Every structure is written in structure tokens, then in C-alpha cells.
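With the hints as extra help, turn the sequences into a complete structure.
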Amino acid sequence: MRTTSLIIIFLLTLTFATAAQKKDVQPAPERLTHNLDNDKVPLFVFTFKSPWNSVYGSDDPEFVLYSDGTVIFRQCQEKDNPYSCYFKMADLSPEEVTALMQSLHSDEFNAYGDRYNIDPKMAVSDLPLRLFVMRNADGRYKKITIYGFLSGPNKDYVALDVPAGLKAIEQFVQEYTHANMRDLDFEYFEVLLIPYNGNSKKNIKWPKGFPELGEVKTIKHKKYGRYSLFLHRSLFARYRDVTRKQGRSKKAVLIDGQRFKLATRYPFPSESVWLDDFR
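Each residue of the sequence shown is one higher than the last, beginning at 63 in the working numbering.
These are calculated hints, taken from the structure and not from any lab test.
Here the structure is a predicted model, which means the values were calculated and not measured.
Ideal Cβ positions, reconstructed from N, Cα and C, are used throughout, including at glycine.
Take these hints with a grain of salt, some might be off.
[What the hints assert, rightly or not] Derived lysine-lysine pairs resembling PhoX-like cross-links, with alpha carbons at most 20 angstroms apart:
(1) K150 <-> K102
(2) K229 <-> K111
(3) K264 <-> K313
(4) K307 <-> K263
(5) K323 <-> K263
(6) K285 <-> K323
(7) K323 <-> K111
(8) K312 <-> K263
(9) K270 <-> K323
(10) K111 <-> K204
(11) K313 <-> K323
(12) K141 <-> K111
(13) K267 <-> K204
[Claimed, not checked] Simulated restraints, written as ranges between beta carbons of each label pair:
(14) E249 <-> V103: 38 to 46 angstroms
(15) R244 <-> P182: 42 to 50 angstroms
(16) F298 <-> C138: 17 to 25 angstroms
(17) W114 <-> R295: 20 to 28 angstroms
(18) F298 <-> E140: 20 to 28 angstroms
(19) Q139 <-> N242: 18 to 26 angstroms
(20) A230 <-> C147: 16 to 24 angstroms
(21) G276 <-> D181: 43 to 51 angstroms
(22) V335 <-> K229: 19 to 27 angstroms
(23) K183 <-> D245: 45 to 53 angstroms
So, in C-alpha cells, the structure goes:
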């Protein structure tokens, strides 16, 4: 009788543990993070990482070219106004892909250094970081970072010895356009959460029905109490109302009893190639 009771207790414990595990936050399935083909192979990526983003790791690439001819790029209607920028996409022919790779200095990319920095004597940690990623013929990726400004009145904050070719690549992708481009429409977008450390004691309520911390699709990151929530595009307008309120008031957003500041990014196909350690 005692043995039977122990078996029953064990089975009940296993059942509840399994149920609890299903409720724990865990990585969202790839098919839920974007509506593009997950088999796309990145050929080139350019990302500008701003130190002034409210949540580190929320920088989307400015430009991505894939092996199937898909090109995704950010286009801005007004210079220096991020709110006027929108993602576009186009489908390129194989000949266009080859020509584009040549415009991206693919032949000389491997000859560049891996990192260009400001004067090491300058202990500055809040400057922009540029990331260039190029896929080689053998399938390996060459990554180049530039820490600091490319020009400016304060030479101490300007990266040293940056090749003209890298500067030309950045200018090229920032000015890129295509006759058959169209708006890029992600099915899901990602909301990055980081614990709020501001001065305001007031909160903005997270809308009812929005994904929360205990959702199966929610990601709990390893560091600093951060989370990623995935929201369907149908919720975007209501979500923007929340971000506008937070931006004006500097209040925390209250989710499941925890206070956060938040930022938005769009999941890209095969983005593990360039994502940093935020994950």
C-alpha cells in the first residue's frame, strides 16, 4: 500500500512539474518571430548600434542582403529623424545580387581589419558602434566593428584609421533604394523589457490581453532581468500608445507586477548571425 501511494505521489509530482514547465518562459518558436522564410542566408548585414537606445540590443539592422535575393533596408524621409524611417524590401535577380555585392566591396572586405577604435587612451563607453558582416565563399562570416564617430569636431571620439571603403559601404547602404521596393510587413514584432531604474514612482498599465511574462512565447534572458515579448502586428497601434506615454512621462510600464522600460525591434530571418549577447 505504501509503495502504491509513493508511486501515485511521484506521478502527481511529475504531472505538476511538467505543467509548470510549460508555463515557464521559453524561446518563441522561429515561425512566430517573423513571417519570412527562415532558410534565408545573410550575405551582408550592416547595423548601427546606438548607445542612447533605452534598451541595449534593440538595434535593428539598417541593411540586410540574403542569398535568395531578398534585400531589406531602412529608408528615412527626413535626415536625423528616426521616426520618419521605415523598412523596405525588394526581390533582386541573381545578376542584381552580384552587382550589389560588388558595390559592397566584397572583393576587398577580407583585407580590412576586424576592429577600428578610438584612441585607447580615451576611456569612453557611450559612443556608437557599427557592425559590418560579410559572408565568404566558404560560408564563414567576416565581422568588422567600428567604435566611435567617423568624423566630427572632437577628434578624441573619432575612430582611427577607418578605411575609405568601409565609409563608402555605409554611405551606400544609407542611400540605397530600389525601383520595385515595397513596405516590409512583419507579422510579429519584439518588445524588449529591462527593469526600470528611473525616478518616477508612477506606472503605465500594460494593456489587457497583451502577452505577459508567463507566456510560452516570452523569452527570459540570462542577464539583468530582461525579457522579450512577441506581439502580433494587429496590436502595434495600441502598443505605440504605450510607448508614447512612456516617452513623454518617463514612467515605468507595469507588467505582471514588475516595472520596466521598453524598446521595439523586428526579428529578422537568420538573425543569430549578427545578434549580440543581449540574448
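Comparing the hints with the structure gives:
no.	hint	in the structure
1	K150 <-> K102	17 angstroms, holds
2	K229 <-> K111	16 angstroms, holds
3	K264 <-> K313	6 angstroms, holds
4	K307 <-> K263	15 angstroms, holds
5	K323 <-> K263	13 angstroms, holds
6	K285 <-> K323	15 angstroms, holds
7	K323 <-> K111	18 angstroms, holds
8	K312 <-> K263	10 angstroms, holds
9	K270 <-> K323	18 angstroms, holds
10	K111 <-> K204	18 angstroms, holds
11	K313 <-> K323	8 angstroms, holds
12	K141 <-> K111	17 angstroms, holds
13	K267 <-> K204	44 angstroms, violated
14	E249 <-> V103: 38 to 46 angstroms	21 angstroms, violated
15	R244 <-> P182: 42 to 50 angstroms	45 angstroms, holds
16	F298 <-> C138: 17 to 25 angstroms	19 angstroms, holds
17	W114 <-> R295: 20 to 28 angstroms	26 angstroms, holds
18	F298 <-> E140: 20 to 28 angstroms	21 angstroms, holds
19	Q139 <-> N242: 18 to 26 angstroms	19 angstroms, holds
20	A230 <-> C147: 16 to 24 angstroms	21 angstroms, holds
21	G276 <-> D181: 43 to 51 angstroms	48 angstroms, holds
22	V335 <-> K229: 19 to 27 angstroms	23 angstroms, holds
23	K183 <-> D245: 45 to 53 angstroms	46 angstroms, holds
The structure fails hints 13, 14 (numbered hints given earlier, in ascending order).
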